[in-house]
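As you go down the protein sequences, you meet chains F and R in turn.
Note that my numbering has the first sequence beginning at -11, numbered continuously upward.
Note that my numbering has the second sequence beginning at 33, numbered continuously upward.
Everything labelled a hint here was simulated from the structure, so no lab data went into it.
Listed below are the simulated DSS-like cross-link pairs for lysine-lysine, each with C-alpha atoms no more than 30 Å apart in a straight line:
| hint | chain 1 | residue 1 | chain 2 | residue 2 |
| --- | --- | --- | --- | --- |
| 1 | F | K37 | R | K133 |
| 2 | F | K123 | R | K47 |
| 3 | F | K123 | R | K189 |
| 4 | F | K37 | R | K124 |
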Amino acid sequence: MAQNHDHPHDHDDDHDAHGSELSEMQLRVRALETVLAEKGYIDPAAIDKLIEAYETKVGPHIGARVVAKAWSDPAFKRALIEDASKAVLPLGLLNRIGDHLIAVENTPELHNMIVCTLCSCYPWEVLGLPPVWYKSAPYRSRAVNDPRGVLADFGVTLPTGTAIRVWDSTAETRFIVLPMRPQGTAGWSEDKLAALVTRDSMIGTGLPKQPGEAA
Amino acid sequence: MDSIHDMGGMHGFGKVEPEPNEPVFHSGWEGRVLALNRAMAYTGATNIDQSRAAIEALPPDVYLTSSYYKKWALGLEARVVKYGLAGANEIKAGHASQPGKAVARKLSVADVPNSLTRGSFARPAPAPARFQPGDRVRTKNIHPATHTRLPRYARDKVGVVEALRGCHVFPDAVVLGKGEDPQWLYTVLFEGRELWGDDAEPSLKVSIEAFEPYLEPA
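The following block holds chain R by itself, in its conformation from the complex (with noise of 0.2 Å):
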């Protein structure tokens, strides 16, 4: 969707203030959200796509004025409500008036250990790969509103398939319930000047992690 969690090339926002010798976490609570979102994609009730679908659903507002970890924290609740996992009341509450759905399976101590990984996301493929390194693509104009993994800044220009990087579970569809989809992935290379015009610095390249159906030949 076309909200302002896609920020590439956006001007207004200021300088980069990195803070020396940051904490991992500011707040107790910002770990706990952390690892709620985790432990709750272990179940396999909500999955990353979904995670992030309902970060870039909360208004405007609401995105640009809270922290990191609020966001999460709003996210999940969010998501907990919409797959049926709780009830918004039950979240109000702070307590669960009915009993929870049936889950795959829970994070136990003894698993921690060995979640610390990120899953894969590679699939086989349904089919041969329709580009290969040194083809001219074009990314298409599409503005869909709902999850997508190609930036605004990045629609309609041409760039030059530099890599293939493998056949992945598509977040477009996952997000639409129609399953994982698998769909071949490139990293896609662009000129600075394709993307920002004739001011963009000379030497400046820059590349997207680009699905199959966002690109066509050019």
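If we strip away everything but chain F, and leave its shape as in the complex, we get (with noise of 0.2 Å):
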């Protein structure tokens, strides 16, 4: 296959190229992207900004702030039940929040669960773009009919007295799940806290991790 002089995140395409699709498909898209830079509308460089904005700037860490603040800060942690984009703008996290962020609260009564069945509506601000699986046909066929079976294809096994709520993603509006802060944290710092936070806990197939667990 030949090396792509003109777009330097194609690099690490050599090593899990087979001939097969992965080839085809580089082809494919730079044949895409060479047509559409040709006719005027897009900018190749600023293709490769933001790429690796996707990579490197975007992600679940945003989220995990967003969290251990809610479990330091009663008052936060209502400002941002009431209206999400408005709560996590101060933050200063990214530049702009869209203006459809909603944070649903995992109690002992209730755990919540976000899927989108339709296509891959996720909250890309707070949780960067989001895994395969999420994306995946077992997923988004199971979320709403069998939550607790997709939990234990994650190894999450829930009290049976914990009711679930499914938020399919039907529409702009975008999803965070607010989990339950682990025992044994009191007096912990934000950031301290925000290492317990998994990108699965704020999507309603994971736990936080529990103290011990902490890297």
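Each chain sits in its own coordinate frame; assemble them with the hints.
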């Protein structure tokens, strides 16, 4: 396969291309990008910059900051539940936050889970790009009728007394789960708490780490 | 459209298989496809609803056997051709043979930091909301052959309006070329039993985000 000298982000393709879909797709996408650039619609340098941003700037570390603050600051938590887009804005985690972010709170009685059965809607600004499983047929098909079975696939078992609420993201509203603060974390700093907040705990397919599990 | 993308409640797809330490992209072209989609949306020549509609219109076998970003690539190719932004022959050749159409704007490197956030889809309300929290509603039994955001499992079902989410661009209208046609958006909550029958887990509740035209009083 030819090395692509125009696109520095393609370098990592070479080791995993097997002459099948990957190399075919690399060529196909390159052809499309070339046409769009020649037409004057896109600037390849901006494409590079976008990729870099999605690889390095946005991610679940942002949501973890939000959750840790909600665990630490009751007034912030109230504001977050009231209007998450507005509450998150002053944290300065991103330049801007979309205006349809909704935070849903887990309690001992209720566990929330987020899905997009129709495509892949996901709160990019606070969690980054969704993992493959979130966009996969098994998750999208089963989350709405067998959420406890889905949780079992993640190794999570909830108490039988905990009801499950599934949010299907069928419009432009986006959801983030506010998981329950683990026991044994009294007096912890927001930084230390944020290390307990996993991506999956903010989707509702996981639980936060316990104090002993923090890296 | 009632195609394979509308997966809620289907059987047979197996277990969810999370990948430990999953990278953001599994191959360089995936990042480029994502960024090309974002950059083309930025021009104003295409939009998110057209993007979803193009992916849903892929043949079901192609949809099921293509990776996520391959679907994005195929959808973008289809849209570029459908909306006259490039010819299929140009994409096949990998070079433009005609000048591009005029677009509203072009994403530059300097614009990128401010383009990481989704746009706002809220619009001024053309009329008061028809429903209020607590109202019982029945979703309509609709089967449009074009794009809709009312999933099949939640059609002709009775639920309760839990919240108003403002007035938003209506995807079903956008893809028909009818403009944004803003509609009220509601969170509508269903009992698991209403959706899945007596075998549903007793505690299960599922909500959808439903545009007002999908709903009627129950």
